[in-house]
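Residues per chain are reported as follows:
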Amino acid sequence: MNFNGKRVLVTGSTSGIGRGAAQLFLEGGARVAINGRNPETVARTIADLGGDLVAAPGDVGTVEGCSQVVETAIERLGGLDCLVSNVGIGPVARMMDVTESHWDEVVAVNLRPALFCTRAALGALRASHGNIVIIASMCGLVAGPPDGFVYSVTKGGLISMTKSLALELAPDNVRVNCICPGYIDTPLIQVENELSNGEFNRIANKFTPLGRIGTVRECASAIVYFASDDARFCTGSILSNDGGCVANSSWGTIEQANLPPSTTAAHG
Amino acid sequence: MKIQIDYHGKRVFVTDSASGLGRSIAEGFHESGATVAINDPSTDRVLKTIQEMGDGARLIAAPGDLTQCTQIRPTVERAVAAMTQLDVLVCSTVRGDLCPVDKVTADYWQGVLAANVKSAFFTAQACAPELKKTRGCIVNVASVIGLLGGPPGSVVYSTAKGTMIHMSRMMALELAQDGIRVNSFCPGWIDAPAPRTGMDAFGYGALREYIASRSPLGRIATSDECVAAVLYLAASVASYTTGATLIADGGLTSGHYIP
Chain Y
1 MNFNGKRVLV TGSTSGIGRG AAQLFLEGGA RVAINGRNPE TVARTIADLG
51 GDLVAAPGDV GTVEGCSQVV ETAIERLGGL DCLVSNVGIG PVARMMDVTE
101 SHWDEVVAVN LRPALFCTRA ALGALRASHG NIVIIASMCG LVAGPPDGFV
151 YSVTKGGLIS MTKSLALELA PDNVRVNCIC PGYIDTPLIQ VENELSNGEF
201 NRIANKFTPL GRIGTVRECA SAIVYFASDD ARFCTGSILS NDGGCVANSS
251 WGTIEQANLP PSTTAAHG
Chain B
1 MKIQIDYHGK RVFVTDSASG LGRSIAEGFH ESGATVAIND PSTDRVLKTI
51 QEMGDGARLI AAPGDLTQCT QIRPTVERAV AAMTQLDVLV CSTVRGDLCP
101 VDKVTADYWQ GVLAANVKSA FFTAQACAPE LKKTRGCIVN VASVIGLLGG
151 PPGSVVYSTA KGTMIHMSRM MALELAQDGI RVNSFCPGWI DAPAPRTGMD
201 AFGYGALREY IASRSPLGRI ATSDECVAAV LYLAASVASY TTGATLIADG
251 GLTSGHYIP
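One line per chain: the protein sequences are Y and B, in this order. Residue 1 is where the first sequence starts when you use my numbering, and the numbers rise one by one after that. Residue 1 is where the second sequence starts when you use my numbering, and the numbers rise one by one after that.
Treat the hints as calculated values from the structure; they're not laboratory data. There could be a bad hint or two in this list.
Unchecked claim - Derived EDC-like pairs (lysine to aspartate or glutamate); straight-line CA-CA distance at most 20 Å: (1) B/K103 to Y/E71; (2) B/K132 to Y/D172; (3) B/K103 to Y/D97; (4) B/K133 to Y/D97; (5) B/K103 to Y/E64.
Being a predicted model, the structure only gives us computed values, none of them experimental.
Please build the complete structure, drawing on both the sequences and the hints.
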């Protein structure tokens with residue numbers, strides 16, 4: 001994909017999906033602003049990735065942080081063609097254990113930045129007729145694990161936000177789309193897997209129709225697709241990148257269903 | 001034409017029930033035989049509503065501002081104590097207005113989310129132990145604007161309602177083991193008094209007329225039609241319906257091509 005001269009901000013791009021997206025944009029010739037809360041981690045990421053990168057460190061979990069990060073990126077890139085709103089956290093709490101501060105924190109980091117980074121980027125995106133890619137999750141379309149209650153709730157909100165933002169910004173020819181990743185091989189997931197002695201991946205593999213978890217690059221490909229010119233007729237679009245998990249919903253696995261082997265009638 | 005379901009012996013808590021859709025829903029349950037707790041931030045409004053509804057024994061005052069988390073548990077506890085049990089929680093707050101993305105502030109965001117989804121969550125959380133005892137249910141009043149995009153200016157409200165719809169699914173799964181059903185109801189437009197925060201870009205009337213004209217059925221829902229949907233979802237005949245979204249929008253979400 002050709003991103004020559006395109007200016008992209010990816011929030012939360014020092015690791016995982018965000019970093020993978022930044023890398024792919026870079027390979028496409030884009031100039032990318034790397035964001036994370038820690039300026040040193042941002043600098044290290046830039047050094048590791050190499051290429052035409054600028055730093056836009058800051059915490060988009062605060063409203064001021066959203067403005068500051070976006071303004072820094074726009075200033076250093078000289079404008080903006082694409083905003084990838086990717087920051088997200090998945091702290092653990094079941095529904096009955098959710099406290100007000102947990103709710104507020106997860107909403108502030110997972111849901112609010114998509115709107116307030118967009119707000120800060122509006123001028124630049126209108127000028128460039130750019131686009132926004134919001135990273136939600138398959139847990140925004142179907143229910144996620146019970147101990148990620150607020151995580152799933154906020155991911156659901158991002159999907160509605162995508163559609164409404166798309167309508168509001170359509171007159172400006174600014175597209176807004178959403179990716180819903182499934183289980184992706186990020187450091188977050190790798191830690192989960194290690195802590196469970198490989199059980200996490202075994203279960204994810206089993207319950208994913210395609211039988212495996214996705215790579216960061218596969219997930220990033222969907223992000224850059226929406227950002228690219230190839231997707232210029234897509235807005236308000238929700239793309240699942242999950243090996244079939246959302247389609248599968250609660251169906252579980254074939255073994256669980258314990259169905260008899262199908263008999264195909266021997267027609268000629 | 002009203003739905004007829006027998007709610008005698010059932011105890012129902014309807015949030016924000018001194019006015020608007022919440023009031024209509026409370027009246028619907030009351031007319032169906034339920035004992036209903038009336039809620040509003042203002043005690044005066046609660047008492048006035050109870051008076052206007054006939055002041056009978058099956059009406060309980062449950063004032064409290066449920067957008068303030070600190071008031072939720074005390075309000076719920078008082079209501080349940082007065083009713084002795086809880087069978088149905090209806091989160092009916094529909095507080096929406098328009099604000100373009102350019103003008104959204106942190107306070108506006110906070111206010112819309114607090115009123116429309118955060119208060120519903122913590123109220124449900126507070127009610128869950130009581131609902132477990134009766135294998136009761138929860139109905140969250142959302143909006144089709146949470147399923148589709150909305151007109152310009154509706155981003156925050158649409159986000160809040162979409163969050164509420166998905167939250168209902170999550171709650172349905174978590175509370176299924178306790179026998180509690182959770183569903184959401186998505187109307188297209190509710191004929192309620194103009195939202196308290198006032199309208200910005202469109203006039204309230206102009207938007208209402210626009211939505212009526214875009215609905216394939218060519219009009220806005222009547223209050224009875226909205227109430228019927230909620231009465232159905234909360235009824236024991238809906239015993240296999242959970243995690244669902246019931247839409248009553250005159251066909252708006254099914255897509256409508258107007259040349």
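Hinted pair, alpha-carbon criterion (20 Å max): B/K103, Y/E71. Please report holds or violated.
holds (17 Å)
Checking one constraint from the list: CA of B/K132 to CA of Y/D172, max 20 Å. Satisfied?
violated (50 Å)
Can you confirm whether the C-alpha distance between B/K133 and Y/D97 stays at or below 20 Å?
OK: B/K133 and Y/D97 at ~19 Å, within 20 Å.
Taken at face value, is the distance from the CA of Y/E64 to the CA of B/K103 at most 20 Å?
Roughly 15 Å separates the two Cα atoms, so the pair holds.
Could you grab the alpha-carbon distance between B/K103 and Y/D97 and see if it respects the 20 Å cut-off?
Violated, because 35 Å separates the two Cα atoms, which is more than 20 Å.
When the structure is compared with the earlier hints, violations turn up for hints 2, 3 and for no others.
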